[in-house]
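S.K.: Below, each chain spelled out in residue letters.
Number of protein chains: 6
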Amino acid sequence: MTFMPEQKAAVLIEALPYIQSFYGKTIVIKYGGNAMINDQLKHKVIQDIILMKYVGMRPVVVHGGGPEITGFLKQIGKQSEFVSGLRVTDAETVAVAEMVLVGKINSEIVALLNRRGAKAVGLSGKDADLIKARKHLAEVYEQGEIRKVDIGFVGDVVKINTAILTTLLAQDYIPVIAPIGVGDHNESYNINADYVAGEIAGALEAEKLLLLTDVEGIYRDYQDKDSFISTLTLAEAREMILAGNIDGGMIPKVEACVRALTGGANKTHIIDGRQSHSLLLEVFTAEGIGTEVVK
Amino acid sequence: MTFMPEQKAAVLIEALPYIQSFYGKTIVIKYGGNAMINDQLKHKVIQDIILMKYVGMRPVVVHGGGPEITGFLKQIGKQSEFVSGLRVTDAETVAVAEMVLVGKINSEIVALLNRRGAKAVGLSGKDADLIKARKHLAEVYEQGEIRKVDIGFVGDVVKINTAILTTLLAQDYIPVIAPIGVGDHNESYNINADYVAGEIAGALEAEKLLLLTDVEGIYRDYQDKDSFISTLTLAEAREMILAGNIDGGMIPKVEACVRALTGGANKTHIIDGRQSHSLLLEVFTAEGIGTEVVK
Amino acid sequence: MTFMPEQKAAVLIEALPYIQSFYGKTIVIKYGGNAMINDQLKHKVIQDIILMKYVGMRPVVVHGGGPEITGFLKQIGKQSEFVSGLRVTDAETVAVAEMVLVGKINSEIVALLNRRGAKAVGLSGKDADLIKARKHLAEVYEQGEIRKVDIGFVGDVVKINTAILTTLLAQDYIPVIAPIGVGDHNESYNINADYVAGEIAGALEAEKLLLLTDVEGIYRDYQDKDSFISTLTLAEAREMILAGNIDGGMIPKVEACVRALTGGANKTHIIDGRQSHSLLLEVFTAEGIGTEVVK
Amino acid sequence: MTFMPEQKAAVLIEALPYIQSFYGKTIVIKYGGNAMINDQLKHKVIQDIILMKYVGMRPVVVHGGGPEITGFLKQIGKQSEFVSGLRVTDAETVAVAEMVLVGKINSEIVALLNRRGAKAVGLSGKDADLIKARKHLAEVYEQGEIRKVDIGFVGDVVKINTAILTTLLAQDYIPVIAPIGVGDHNESYNINADYVAGEIAGALEAEKLLLLTDVEGIYRDYQDKDSFISTLTLAEAREMILAGNIDGGMIPKVEACVRALTGGANKTHIIDGRQSHSLLLEVFTAEGIGTEVVK
Amino acid sequence: MTFMPEQKAAVLIEALPYIQSFYGKTIVIKYGGNAMINDQLKHKVIQDIILMKYVGMRPVVVHGGGPEITGFLKQIGKQSEFVSGLRVTDAETVAVAEMVLVGKINSEIVALLNRRGAKAVGLSGKDADLIKARKHLAEVYEQGEIRKVDIGFVGDVVKINTAILTTLLAQDYIPVIAPIGVGDHNESYNINADYVAGEIAGALEAEKLLLLTDVEGIYRDYQDKDSFISTLTLAEAREMILAGNIDGGMIPKVEACVRALTGGANKTHIIDGRQSHSLLLEVFTAEGIGTEVVK
Amino acid sequence: MTFMPEQKAAVLIEALPYIQSFYGKTIVIKYGGNAMINDQLKHKVIQDIILMKYVGMRPVVVHGGGPEITGFLKQIGKQSEFVSGLRVTDAETVAVAEMVLVGKINSEIVALLNRRGAKAVGLSGKDADLIKARKHLAEVYEQGEIRKVDIGFVGDVVKINTAILTTLLAQDYIPVIAPIGVGDHNESYNINADYVAGEIAGALEAEKLLLLTDVEGIYRDYQDKDSFISTLTLAEAREMILAGNIDGGMIPKVEACVRALTGGANKTHIIDGRQSHSLLLEVFTAEGIGTEVVK
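Chains as they are written, first to last, in the working numbering: chain R, 68 to 362; chain A, 68 to 362; chain B, 68 to 362; chain E, 68 to 362; chain W, 68 to 362; chain P, 68 to 362.
In short, the hints are calculated from the structure, not lab data.
There could be a bad hint or two in this list.
Note that identical chains are pooled: a pair holds if it fits in a single copy or bridges any two copies.
Said to hold, decoys possible - Each computed DSSO-like pair below joins lysine-lysine, with the alpha-carbon atoms no more than 27 Å apart: (1) K186 / K141; (2) K292 / K362; (3) K109 / K199; (4) K141 / K292; (5) K145 / K334; (6) K186 / K202; (7) K362 / K226.
Just chain R, with the same shape it has in the complex (with noise of 0.2 Å):
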C-alpha cells in the first residue's frame, strides 16, 4: 500500500485525539484466539502494542494457550476428559499448562516484543505472588439442579498483587502474564485467560480491557446477524448473562467485562481479532470496532 503525503497526514492527525486522551494510561489486553495462531496477525499485534507503548499509553497483555496446551498433552499421550466445558485438571495436565503457557506461549510473546524495540517481562501469577487462586469446582446442571464437581486444579482469582505491575511499569516495561494462579500450598492453578485479564484490568484501573475474540463482537441473538450491539452497559450484560442470551463461547469474555468494570477500568471492548491491527484501529480511530461494555 502506498499513500499520497497529504493521505499519510490525514490517518497520523484523526489519530491525534485518541493519542491525547489515552496518553499515560493503563491498556490490559488480552491476547488469544487466532490473533496468536496465524503468524502474520501474531507480528501485526506485536506492532500495535508497541505502537500504544511508545505513544505514551501502558500496555499489559494476558495471553492464553488453550490450543498449545492440548496439543502437548496430546504429544505425551494424555487423553483429557471434560466437565461444563472445563478440562479435568490433574496434577500433571497443570504442570504441562504451566510449562506450555510460562516456558514456551509466554516466552515467545516477549521475545517478540522485545525484538521490536519494547522492553517486555513475562510474569506468571506466581511471580511475587501476582496471582493468588483457589480451586474452582465445575457446575453440573442434573436432573433439574446444580452440581458442584471437583475437576482438580482449575481455580479462580483471589487476588491480584498489583505492586510487581506497579514497579514495571513506572519503568517502562511491558507486562507479559501467563494465567497461572498459586494457591496457598504453592500448587499452580490454570485460570481462564479472559478472567485473568478483567480481574487485572480492574484491579489496575485500567483506561480499557482488549479482548482479542475470533468474533465480531457480542449480538442481541447470537443467531440473528443483524443483532450486532456496538454499546452494552454493565447491567444489560449481567442481565443478558442471566437470561441466558450470550453464546456459550462469549459467556467467559462478558464475564471478564463484568470483573474490570467492577474491579474498576473505565471501559472494555469486544474485539474481533482475526481482523488485521484490529487494536490500534480500536484505539487510534474513530471506527468503531466489536462492542463495547461499559458502565
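Put chains A, B, E, W and P on the given structure of chain R with help from the hints.
M.R.: Below, chains A, B, E, W and P without anything else, positioned relative to chain R:
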C-alpha cells in the same frame, strides 16, 4: 479524505519506527513564513507540534514575525530603512518589534497550542536571561571593501541560558520563543529568528532542527531547479556559503543549520512550510522533504 | 546616608522576626501607579522584591499599565471611549493593550529583576492558560436602573491555573504577570490588574497581597484626612463598598483584597507606592504603612 | 536440637561481623545438584536465601535443571545424543528445555521463596533481553585435532543486560533466573547454568558467587582426597584448567568462577550442596566450606 | 563455646522469623541498671544493639545514670536530699546531672556503638527541642493528705518532638538519648529515663519498648516468687499500680510501658538486664524473657 | 535606637548584595572569648547566627570553653599544671573537660538558638565519629632543643567525618560542635577549638570561617597599634608565624585560618567579638572588621 481501516493501520505502522527513534528527543522548530500567515497552514502546524508532543518528543518553537512588524511600523507612520537587507532599528523600532513579537505573535501561538491540548508557555530572550545578545553590525560592500555599519538594535546571540527551557521541558511544557535578545544594559535586540533557532538547537543538543521556509529546499545552483539537494554535509554547506552559491534568502537558514550542528544538534532540516503538514511528514514518514544538513 | 555599625546592626536585627515569619511564604505584589512611572521608585521596588526573594520569600509580581496603553493608542490615532470608567475595548484596542502589557511593560520588569540577580520569567494569562477569562459587562446606572453594557474585550477572571506558577516558584523563579486573560475561543481580555493580583493571591493561598497605590490608604470618610484606617476586616470592607464609603479609585483595590482573602490569602495591604521602599518597610519593619485588610 | 539461651546468643553474635560486612551486597547463588532434588535440602536452601535477604544482602538465584529436562524428554520419547558431554539440542529439545526450566523449575523456586516471606520474581534470559546468546560449538578431539561441531541450540552468553535485575533488586525482589539465552533471531539457547551464574555475578560486580555442587570442593589431585584446596587464586585456577588437573565435572564450576572474577565479582565459592545449610554456614560463620576462588 | 555447623545453622534459622517480622521497625531500648555498670554486660548490650541495626531494625537508645550523678555530686561535696524517693534538684544539681548524663554517659555509649561499626549520634532533650518539659512536683503523704512539693528541676515530659529522630533514623543513625528535658525558659530538667523511654516509644509508635532492669520481671505478689507474670495487659497494669500491687522500684517501669502503649507503641517488655544478651534473646528467639505489657 | 523609615530601608538595601552572594553558603563560626561570657554579647551572637540562617546561609558553630573547665576543675579541687601553655590533661581532667564542654556549654548554646527559632543540634567529636583525633605532644624548648612532652589527653585532629554535618545541614539544622575528639580506643581528647573550627571549615569547603576573638585583629608588629593588618594572604600568614611575628595568643587563630584555607575554605576572618553584633557587621555590611586571611 476517508480511508479503509487497513489503510489507516498501514500509515500508523509506518510511523512507528520514527516514533520509537525520536522518543524523548528535543525537536526545535523554527516557525515562520507562509505557514504563519496562512490560517489553514497555521492550524496544521499546530496539530503537527501537538502530535510530536504526545508521542513523546519535546518540541521547542522559535518564531519570527518580520511582516507583522513591518505592518505595525507602517500603522504608526514609521518608515524603515534597510542596510544590506537588515532593518535599521532605532529604539522605537525595536520597542515595536518586541511588542509585536512578544505581545502578539508569541501570545497567539501559545494560545493556539493550549486550545489544542498542549501546555505552552511563551518566552522572550529576557525571560530568565534566555538569550543574551549584543549589537550586530551590518556589513556593507563599498568600493571592494567591507565596512561595518551600526544599524541600531539588531543583535547577535552571545549566550543561550537553557535553564528555563530545561525546567519547562521537564514539566511537559512546550516553550514558544520570540527572537528578542537582551544586552548587558537591559537593551532589547531584534535577532534573526533562524539564528536564534539554530543557537537554541545547538545549546539544547537537540535531535533535530526543523526550519519552515517558503521554498522546496536548497539547490546546488539556485537557478537550476534540477539541482535540488536532499542531503548536505556541514562542510559542504560552509563551502557553498563561502562560494556564494546559496541564494540570499537561504543564507540565514543554512547558517542556522551550521550553528545548530556546531553547537551539538544532531540533524537539521530545511522544509517547505507551504506544504500541508510538512513537519509531520518530515518527522513521521520515510518521505524526504526539503534539504537536510548533517554533520 | 551613612550609619554607625551599631545602627546598621539594630536595623538588621529589627528585621529578623519578619524574615523568620515569612520564610518560604508567597507574597503577591500588585505593581502599578507612580512606582511604575518614576524611575527612582521603580529602581527601589525592584530592590525590595529582590531582597524578599533572597531572604527566602516567594514573590509573585502582577503589574498594570493603563497609562502606557493610553499613550500607545494615542500614538496610533485611536480614540478611547469610556463607560462607567472602563475603556471600551474593541479588537484593535485589546491587541494594543496586550502588546504593550506583555511585550513592553512585562519585558522591562523581567529584565530589571534579572539584571539585579533574580531569575524572573514573564507570563501573560495565556501562558499555560494561567488566567482563564470571560467578558465583563459594564454597569450603567440609567433612570435608577442598572443596565449591563457590552464594552468589548474587558474581562473577568474565571479561573487561575496555578500549575505554571508552582513550577516556576519551585525552581526559584520570580513570576511576573501581565493582566491579560484568555477566553474559550482564544480571544484576549484586558483585566483590571488589581483584580488579577487578588485572584492570584487567593489561588496561591499567599501569605500577603501587597497593592502599591498612589494614596496613603483607606479613610473611613475619604474626605476627612483624620479618618485613616490602619486595619479593616473583610466584613467591614464589604460593608463600606456597599455603603458607598469607598472612593471610586480605591474600589478595585479593596475588591482585590476581598477576593484574595476569600480565595485563601492570609493578609492584604494597600500601600502608598509613592513612598520610597514602601514594600520593604511593610514587610521587614514594625512600621504600619497604609491600610491592611484582614479576615 | 535445643540450646541454652547463652548458646543461641553466642551463635548470633558470631554471625554479626559477617552480617555487617555483606550488608547491601549482591550475592549470586547457583542452585543445582542434590540440593535441588532432595526435598529437605531444598527447604533449607530456601531458608538460607530468605535469611540473606532479611539481613540486608541482595541474593540473585540462578538455577539449572538437567535431570528434569532429561526426564521430560524421555517421557515424550525423545532420545538425546551427546557430543563431548553436551546434549545435541534440536529445536524440539530446546523448546522442552525452556518449558521445563522456565515453566516448572523456575516457577517452583519462585513459589517456595514467596511462601516463606520473600518477594521473588522468575526470569528467563528473554525477559528484558537479560541473557543475549549465540550458538556454542562443541569441540571434538579426533585424530589429534580439535573439530568444532554444531550441536544445535546450545548457547554461549554474549551479553548480560542487568537493567531488569537492577530494577528488581532496588525494589527488594529476589530475581530467580533460568539459564535460557536469546539469540538475534529470537531463537532460544540452553546454556550451562554455571556459566550463566558466573557471567551474571561478573556483570553485577557481585560480592560473592556461591556455586552449590555435589562435591566437597577442588582437589589439587582429584584422585587424592588429601589434596583438598581451600583457597585458589584466579591464576592458579586457570593454570589447573589448562594443565588438565581439574576433574571434568568441576571444569564448568571453575570456569564460572573465572568469568565472575574477571567480570568484576569479588569472591567465588564452590560449596558442597549436600551439606545441610551450607549456604548459611559459608556466609554467616567462620567455617571454611568448600573451595574459594579469589583474584 | 564451640558449636557444630548444624547447631549454628539451627540457631540462625530459629532467628529468621523474628528478623522478618521486625524488619524496618523501631525498637526503643531503655538502657540502665547493672547492664550499664558491669563492663561485660555493657559490651554485650552494645553487640545486641548493633545486631538489631544490621538485620534491619531501627534501634533508639535512652539511658539513665543515677549512680554516676550521685557519685559526682559526692565528689564536689554536695549532699542530696530526697523527697518521696526523688532527689531535690537545685540549679547546681541539675547542671551536674546534665553534665554527667550528656557529657559522660551519653558520650561513652555513642563511642562504644561507633567503635563496633554503627553510626550513633548522642542527643539530649535540648537538641532540636527533642524533649520539652516542665516542673514535676513531688507528692508527699502527710496526715492522710497528698501535698505537692517543689523539689526543683525534676521534670515531666510535655512533648516529644520526633523530627530530629526521624531525620537521623532515615539516614541509618542510632540516636542515643540522655533524659534531660528543656523548659520554656531554657531551664534544664532531670527526668526519669524510664518515662522518657516510654514517651519516645509512644511518640515514634515503636514496635517495641525494651526496658532493661535488675529484676526478672513483674510478680503478681512481689513477695511471692512463684507469682511471676509473663504477660500483662495495659488494663491489668493500670489496675495493679492503683491497687499498690507493684513494687516501688517497678512503678516507673510499668508506668513507662503504659505511656508507650497509650502513645502508640505496639508492645513493651521489662527485661532482666543482668542476664547476658537478654536484648538479643528477647528479640531474636522464642524464649520468654521477663514480663511483657501489651494492649 | 529609633530610625526613620528611609534609614531602615537604606540599611536593609545595603545588606542585599551580601545576602545574595552568601545564599546557600556554609559559614563556620568559632564562638569563644568574651562573646561567650558576657550575657549581652552572647545574646547578640545568637541573633546574628539566626539572621544568617534565615537569609539562607548555613551556619555551623564551634565553641570553646577553657575558663569554665578551669572553674570546674578548681571546684573539685584539682590543680592544673601547664606545659608550653597547654594544660596537662590526665584522664580525670579530660573527663571534666568533656562534661563541661558537651554537657554544659554546648547544651546552653543549643537551647539559646532553639528558643530564638532555629533548629540547633549539639554534637561532640564522638557523634558519628565527627572528629577523629590522636595525642598531641607539647613542645618544650630546653637548652636550645625542642623536646616532645606527653601531656595526656590533648589532641590533634586526624580526620573530620562530615557526613553527620551534611545530613543536618540538608534538613536545615544548625550544628553546634564541642571540641572533643575521639581516638582509636575511644579515648576522649580535648582539642583547641580554633583548630577544630579551622579543620571543619576546610573539610566543609566553607565560604567563610569567622573566628571571634578578644582583640581587634592582627598587627604587623603586635606592639605597634598602628600596624593593623586588614588583609593577609595565606603565604604572609605562614611567614609571620615562622618569623615569630604573631603574638602567642593569636597563633592558634592564624593557624586555624591556614588550615581552613588549605583544606578548602574560601575566606577566613579574625573578628573582635567584644564589639556588639560583630558577626552581623562582618557578614552583612561593607565594614572591614578585624583581619581577613585569604588564599
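S.K.: Does each hint hold? Answer for all of them.
M.R.: Verification of the supplied hints:
no., hint, verdict
1, K186 / K141, "neither (34 Å within a copy, 35 Å between copies)"
2, K292 / K362, "within (25 Å within a copy, 61 Å between copies)"
3, K109 / K199, "between (29 Å within a copy, 23 Å between copies)"
4, K141 / K292, "neither (36 Å within a copy, 50 Å between copies)"
5, K145 / K334, "neither (40 Å within a copy, 48 Å between copies)"
6, K186 / K202, "between (33 Å within a copy, 23 Å between copies)"
7, K362 / K226, "within (22 Å within a copy, 31 Å between copies)"
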